[in-house]
Structures are given as structure tokens and as C-alpha cells.
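**Q** Spelled out, the chains give:
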Amino acid sequence: NAGVMQNPRHLVRRRGQEARLRCSPMKGHSHVYWYRQLPEEGLKFMVYLQKENIIDESGMPKERFSAEFPKEGPSILRIQQVVRGDSAAYFCASSRIRGTHEQFFGPGTRLTVL
Amino acid sequence: GNSVTQMEGPVTLSEEAFLTINCTYTATGYPSLFWYVQYPGEGLQLLLKATKADDKGSNKGFEATYRKETTSFHLEKGSVQVSDSAVYFCALLGSARQLTFGSGTQLTVLP
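Chains as they are written, first to last, in this note's numbering: chain A, 132 to 245; chain B, 94 to 204.
Here chain A stands alone, though its shape is the one from the complex (with noise of 0.2 Å):
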């Protein structure tokens, strides 16, 4: 049963560009979690998708900042114009619909900002 997936695994963007970060979740898990980890710092929660819908977003920088979790396909974590304090791991978790809403963690993506 194959784990959550994240790809890339690293990118890197210059100032400006965009970022595009993408996770396929667990099978049987309908549940989309991404959390950021800046350096030195602890995860912080960004947001929370179900298919087709933003759960809580309260996470999520107010601009530049956009996810989506489409019916078909993987979710995706888009950042716009990125600045150098955007550099960070970001990470994806998923969870099924019932049950202990134990999230299971990808390996990550890792975003430099040259």
C-alpha cells in the first residue's frame, strides 16, 4: 500500500516565479493536510481539503498562497511570486474519512528560493 506521495521532492524557484507542490494521498484517504516547516521552527498547519473543497484554510498566508484538492487527481499547493521566506519543507499528510483521523505524513517537499 503505497504511502503518501509528494512530488518534486525539492525545487527550486527564483524570486518571482511560481512554486507548484503537489500530493497524492494515501489510497482510501480522502482527507488533505499541508503543513510547512521553516528552518529551525516546528510544523505549522496551513490547510485542511476534502475533494472539491477548502475545509479550513485559517493556516494559509493571505496572499500568493492557494491550494486545491480537485476531484480527480492530486492536491496542489500553488504559491505565486515567491519571496526567499517562502523557502521551507512543505509537507502533506492524509487521513480517511472515519476512524482515529490519524494523518500519515509524505516525505516532503523541499522549496529553495534563490
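These are computed hints drawn from the structure, not numbers from a lab. These numbers come from a predicted model, not from an experiment. Check before you lean on any hint, since a few could be wrong.
[Said to hold, decoys possible] Below 20 Å or equal to it, Euclidean Cα-Cα: the simulated SDA-like pairs (lysine to any residue) are: (1) Lys175/A - Gln138/B; (2) Lys175/A - Val180/B; (3) Lys145/B - Glu233/A; (4) Lys175/A - Thr98/B; (5) Lys202/A - Asn184/A; (6) Lys158/A - Val180/B; (7) Lys175/A - Glu101/B; (8) Lys153/B - Val202/B; (9) Lys175/A - Pro133/B; (10) Lys170/B - Ser96/B; (11) Lys149/B - Glu233/A.
Following the hints, put chain B in place on chain A, whose structure we already have.
**A** For chain B alone, kept in the frame of chain A given last:
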């Protein structure tokens, strides 16, 4: 809001030493509590969990007990190995279904 306070590191131990990493939390309601481990360059792996008061989570020799009276979930292991070197995160899952993490504790075990 919810918060998790975790023992600051780094922690350096010799192989076979006893490990304790303290974790306390503030939350409304009845959260579930977790310990995650992160090896260099990798994502988080669930180490153990407890979903209600007095539950004890255990895995790979690690243990933690959900103490509601002291709002704590300390991680312990009786005899650490070099392979346990990693960053350990305490986390809680509240009703909003988002995990709140502590700042992480870097553990280094020397042979």
C-alpha cells in the same frame, strides 16, 4: 487556542541510556496526542499515539502516557540506540482536525 510545549534540545545521550523528552499541552476538549519522529531529509513518521486520558502509547521500545491531570505526554525509552538519533515532535489533534506541533527535540545517541 491549542498549544504544545516541548523540551528544548538538543539532547545527547550515550547508547543504552534512559531517554525522557517532556511534552505538555494546552487544549480545549479532549485531544488525541501523538509523537512523531523525523529522520534527516525525510518526512514525519508516527511513533505512537494515545486518544484518551490514561492511555499508554508504545512502539519500538518508546512509551508515552496521556496524563490529563498534568496535561502531559512525556516520551520515554529505557535504552536508546544510535539508530534512534532523529528529531522528535509531540503533537495534539483537536476538534478542528489540524495537528498542533511542539518545536521538536533533536536527539543524538553516541556509540
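**Q** Which numbered hints does this structure break?
**A** Numbers 6, 10 - these are the hints that the structure violates, sorted from lowest upward.
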